[in-house]
Amino acid sequence: MFATKRLSKELIKIKEHLPPGISIVKSDTLEEWLMDIKVLDENPLYLNQTYRLKFTFNNKYPIEVQFIELPTTSDTPRPIPIHPHIYSNGIICLDLLSSAGWSPVQTVESVCMSIQSMLTANSRNERPPGDQDFVSYNRRRPRDINFMYDDDNV
Amino acid sequence: MSFELKEKGNQLYKAGDYTGAEEMFSQAIQKNPSEPTFFSNRAITRIRLENWAGVEQDARAAIELYGPKNPTSLKSRYYLAQALLGLQRPQEAHEVAIEAYQASLAARNAQSENLSKTVLRAKQQIWAAKEAARVREMNGTLANVERLIEADLQRELDDLQGQLDRGEIGQIGFVEDQKALREDADKTLQVVRETFAIASKGEVQERVVPDYLIDPITFEIMHDPVITPSGTSFERVAITKYVEQSKADPITRIPMTVDDLRPNYALKGVCEEFLNKNGWAVDW
Numbered sequence: 001m002f003a004t005k006r007l008s009k010e011l012i013k014i015k016e017h018l019p020p021g022i023s024i025v026k027s028d029t030l031e032e033w034l035m036d037i038k039v040l041d042e043n044p045l046y047l048n049q050t051y052r053l054k055f056t057f058n059n060k061y062p063i064e065v066q067f068i069e070l071p072t073t074s075d076t077p078r079p080i081p082i083h084p085h086i087y088s089n090g091i092i093c094l095d096l097l098s099s100a101g102w103s104p105v106q107t108v109e110s111v112c113m114s115i116q117s118m119l120t121a122n123s124r125n126e127r128p129p130g131d132q133d134f135v136s137y138n139r140r141r142p143r144d145i146n147f148m149y150d151d152d153n154v
Numbered sequence: 001m002s003f004e005l006k007e008k009g010n011q012l013y014k015a016g017d018y019t020g021a022e023e024m025f026s027q028a029i030q031k032n033p034s035e036p037t038f039f040s041n042r043a044i045t046r047i048r049l050e051n052w053a054g055v056e057q058d059a060r061a062a063i064e065l066y067g068p069k070n071p072t073s074l075k076s077r078y079y080l081a082q083a084l085l086g087l088q089r090p091q092e093a094h095e096v097a098i099e100a101y102q103a104s105l106a107a108r109n110a111q112s113e114n115l116s117k118t119v120l121r122a123k124q125q126i127w128a129a130k131e132a133a134r135v136r137e138m139n140g141t142l143a144n145v146e147r148l149i150e151a152d153l154q155r156e157l158d159d160l161q162g163q164l165d166r167g168e169i170g171q172i173g174f175v176e177d178q179k180a181l182r183e184d185a186d187k188t189l190q191v192v193r194e195t196f197a198i199a200s201k202g203e204v205q206e207r208v209v210p211d212y213l214i215d216p217i218t219f220e221i222m223h224d225p226v227i228t229p230s231g232t233s234f235e236r237v238a239i240t241k242y243v244e245q246s247k248a249d250p251i252t253r254i255p256m257t258v259d260d261l262r263p264n265y266a267l268k269g270v271c272e273e274f275l276n277k278n279g280w281a282v283d284w
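Listed in order, the protein sequences are those of chains C and Z.
Heads up: the first sequence begins at 1 in my numbering, then just goes up one per residue.
Heads up: the second sequence begins at 1 in my numbering, then just goes up one per residue.
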């Protein structure tokens, strides 16, 4: 119910101003937006790379968390950043993207910033444990998965 | 028999044949004029047809038959508020909507969200009506001032004509002075028109709603703000929807229930005052 108006307002704000390293790629419908993220410091893991985020919205937004991923199949394929909380199929394990961690005061912009800073802060050149199995077997939506946040330092 | 007609009406309504549906509900009402659902169904059909006077009649009849205290009447009260908006009676629409909104909250009725929006819509229309009257008044004043300037010019031109007739000035001087007077008057008119244009836009030059009046969930201006235990204010309908589902404070994630929400009367007053002067904020 809220979704359309809220998203159009976010879009107006985003088009006026976005933080450095974040840009909007596609927003011609209110169902799917593409955003690009760059890590701004000298972190060698992500140097000179641009990562693409896909937001898929339904009318439960912003009450319920939406599907947010790093798409592996798109017209211009982008790399999936190496990170102990990002699976190689583009699924991001981040507290605020789970049903329990989501808050309706989050916005597309704040989610992008969280992911950007999650990359900035990381120095470990590795995938989450069990990445291969997860990628092969998981068919669930990220918000339904009970990720273990056993490592809060990343 | 009458309920069969209603069923037919419902089917036509779903199929988008509103005129046909209206006819069925009318026949049902003729057979049984004490069944409220016939009236409320015809009311929503007439909303589709934008027959606002008809909606008002039907919604009032349905509310009467349900009994105004009956939560089932809330939908019809929502229709009634819409009809009054359609009929350009925003003050009445606001009264109906706000009362029904309160009743809907008390009954935890599903109409709260619609009614909440209607309250805002009514506030917007009340402001728009006031604004239109103000502009009309200004235009009236402008027309008066323009008339005075023209009258002034005419008098001066007549004087000039008199001077020419009495031989006090020559033909060439007359034409030159005549031209100068006309130019002066035109300049004055232009200044006055510009001034009025600036004045009528004056209040709307910067149309920005302060962030503290905006609900962090819907991003819309609030009209019934409530505050969470952690101290953030939200629009009641929006935060209720979230807390019912997540049972936690959206900022701190500390467990909470809808009963922990408290009205924020001071903020409500600020929102009201802002909306009275800036009805456009509803569409911002």
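A hint or two may mislead.
Distance condition first, Cα-Cα at most 20 Å in a straight line; then the derived DMTMM-like pairs of lysine to aspartate or glutamate [what the hints assert, rightly or not]:
no. : chain 1 : residue 1 : chain 2 : residue 2
1   : C       : K60       : C       : D41
2   : C       : K60       : Z       : E113
3   : C       : K5        : Z       : E168
4   : Z       : K247      : C       : D95
Example chain C residues on the side facing chain Z (calculated, C-beta under 8 Å, incomplete) [said to hold, decoys possible]:
no. : residue
5   : L11
6   : L34
7   : K38
8   : S103
9   : P104
10  : R127
11  : P128
Please keep in mind that the hints were generated in silico from the structure rather than gathered at the bench.
All C-beta atoms in this analysis are idealised placements derived from N, C-alpha and C, irrespective of residue type, glycine included.
Comparing the hints with the structure gives:
no. : hint             : verdict
1   : K60/C <-> D41/C  : violated, 35 Å
2   : K60/C <-> E113/Z : holds, 14 Å
3   : K5/C <-> E168/Z  : violated, 73 Å
4   : K247/Z <-> D95/C : holds, 17 Å
5   : L11              : violated, 11 Å
6   : L34              : violated, 21 Å
7   : K38              : violated, 27 Å
8   : S103             : holds, 4 Å
9   : P104             : holds, 4 Å
10  : R127             : violated, 28 Å
11  : P128             : violated, 23 Å
Going through the hint list in order, the structure does not satisfy hints 1, 3, 5, 6, 7, 10 and 11.
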